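Peer 1: Residues per chain are reported as follows:
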Amino acid sequence: MLIKRSPNGIDLPYSSEITPRELFESRRHFIRQLAVGSIAGGALLEMAAREAFAQTGQKLTAKPNAGYVVMDKPTAFKDASTYNNFYEFGTDKSDPARNAGTLKTRPWTVAIEGEVKKPMMLDIDSLLKLAPLEERVYRLRCVEGWSMVVPWIGYSLSELIRKVEPTGNAKYVEFTTLADKKQMPGLSSRVLQWPYVEGLRMDEANHPLALLAVGMYGEVLPNQNGAPVRVVVPWKYGFKSAKSIVKIRFTKDQPKTAWNLAAPSEYGFYSNVNPDVDHPRWSQASERRIGEDGLFARKRKTLMFNGYSDVAGMYAGMDLKKFF
Amino acid sequence: MPAALATLDAAQLKRLKALLFLAALLPFARLVIFAFTDRLGANPVEFITRSTGDWTLYFLCITLTVTPLRRLSGWNWLIRLRRMFGLFAFFYASLHFMTFLWFDHFFDVSEMLKDVVKRPFITVGFADFLLLIPLAATSTNAMIKRLGGKRWQWLHRLIYLIAPLGILHFWWMKAGKNDFAQPILFGLIVAALLMMRVYWRFAQGQRASGVARPAPSGQ
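Protein chains in written order, with the working numbering: chain A, 75 to 398; chain B, 914 to 1132.
Accuracy of the hints is not assured; some may be wrong.
Each computed SDA-like pair below joins lysine to any residue, with the alpha-carbon atoms no more than 25 Å apart [unchecked claim]: (1) B:Lys1031 x A:Phe397; (2) B:Lys1090 x A:Pro349; (3) A:Lys147 x A:Phe370.
The hints are simulated quantities; they were obtained by calculation from the structure and are not laboratory data. Treat the numbers as computed from the prediction; the structure is a model and nothing was measured.
For reference, chain B alone in the conformation it holds in the complex:
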């Protein structure tokens, strides 16, 4: 089995990508179907806000899993999926933000900004959304070329800040209720994913002492 997965030809990868693309749209489709069949419960806005927030965190975790999984399994084609996962994190974050702006504030931008300034939990969520924008905007091949691989990579390391901030936002949301089970779970997953990178960098740095920078092995 692993032997078959180790190499995927272009056609297989294309099919897998299409399949994952459709799968990643399912949470969105569910919300749309629920909205039209009156199944969003007593508080539809809360339902949509929570669902889109959850899926943003799921896709951030999935995106951060690509590199470690690739490294551990040797399936190099996984890197070809990373952009799509990252863009889906941005997609659900945008829906989450739109829910806040539209349904919660009814496009009253000044009221929304007051909320952003006044409440740390919203400040962090909003800042996190802003940080995602340059990553989404520079996700095309043309932008990678324009920025140059190294600069592009540095910019995209923002994800290491974005994921923890997303969890902090979630943590503060739950704080008043002392209900930390979910934020702790997300926190542990992201911490593990980041610690693996720190460990590899450290191990690599030892091996390649004297070399200014280790070759980027698919961050």
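Here chain A stands alone, though its shape is the one from the complex:
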């Protein structure tokens, strides 16, 4: 087995190097795979450990994509669905789970517009059918210094991008989250400018790791996790992954993103996970894994690009301290 070493010498438990054959030869991996629930119908351990009341969502079938499964133990569904930053439903981490019941995820349409040859309005059902659904287990690193491991369901954002045929002018992709006061009580606070806008450079959006997600833990997305459709960009801090998307716009200029507008010195446009670039108020060198690094455990080291070193090429020659 090939083990990649990150610059700081930590083994990247990156499953893209693991072939299915090895998977069956190595009992350890088999058990680990079982534990991460990435074998179809084999999420038994997870299921058993899960509290019965925790998952009530609609099931969603997806084929595990072994190329995109980290070996880390997935975070409990209960933690992943009750500890959220989704300010449209309140600024406390327990607010979204409490308040997001008012979000109506059907009918739902996503407008795709801007620098594309084929602008379109896609409803959620056509989005679900646009490409085969895959399950991918990604690390999620929040800019606040905590992390989770989440089995998402979706497909590469590039599948959608290909379909709408961006023009030569398309340099960036901008994602807009729903902003409806009737459904989102948090909009009355002025913590951020609404609607929430996030964005990626075209090459980032086209990177196969960038996921358009419609589900997690074998089910459709819970509202508080960004239902019915969101992006997941695992090598960037969590806030870059826009939730409950209603508009995807291809642009010539760099999008004006919500957190960057709110505090430009703290949240850059790129916001790649980077242990060497501190947030002004705390270090980003380490992180606390939710559910594991509890009271009596040391925090774990944060990996460059959250361990997704494949993406490094896109930033070759860029000063990542300047473009943080």
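Using the hints, position chain B against chain A.
Peer 2: Below, chain B alone, put in the same frame as chain A:
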């Protein structure tokens, strides 16, 4: 009712003090119970840090309320509770600091100090904690005697600096998120409590013009 409260005998005061002592321990008891029953949520360290920080600010506000309330109500026995409230502010500040040192830095003192030097928000919180130490250390009757009432009082006016610095620490913590509702509320409360003192001092100074220092009426 106010007539009954205006004077408390020693036994009543003792009972009230015991009751308030137990009540002030409730936030701590809650954390301990939550820790042993797995109810600290997905991020226990964050929960404990926020809870102990909040309670430090609550007790700073309560401590600063004693004198104005005593003055407005005429309940002189309130002064007998002030030390306990102040010490509880120190107690929760110590837990807050310990959470930072233990759970956040795992007793890596050099890493912790790096944080203190590098980040204004932590610098202020740390300095604020250091300022509380001499007040807690000189809170006994013996220390009041040793320092002499006047010097002791001057030292304990540090609280007028400690409370605003605590709010600044909280303000900067919330700054990145533009979420100022709570720091503003704390700021207004502390500002009101301090302004009352400024006003009284000014009014008193006018009345007692010519007198070098007004009699300390229970700062």
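Peer 1: Under the criterion that the straight-line Cα-Cα distance not exceed 25 Å, is the pair A:Lys147, A:Phe370 satisfied?
Peer 2: holds, 18 Å
Peer 1: Quickly compare the C-alpha distance for B:Lys1031 and A:Phe397 to 25 Å and report which way the hint goes.
Peer 2: holds, 21 Å
Peer 1: Can you confirm whether the C-alpha distance between B:Lys1090 and A:Pro349 stays at or below 25 Å?
Peer 2: Holds, because 21 Å separates the two Cα atoms, which is no more than 25 Å.
In terms of the numbered hints stated before, the structure departs from none.
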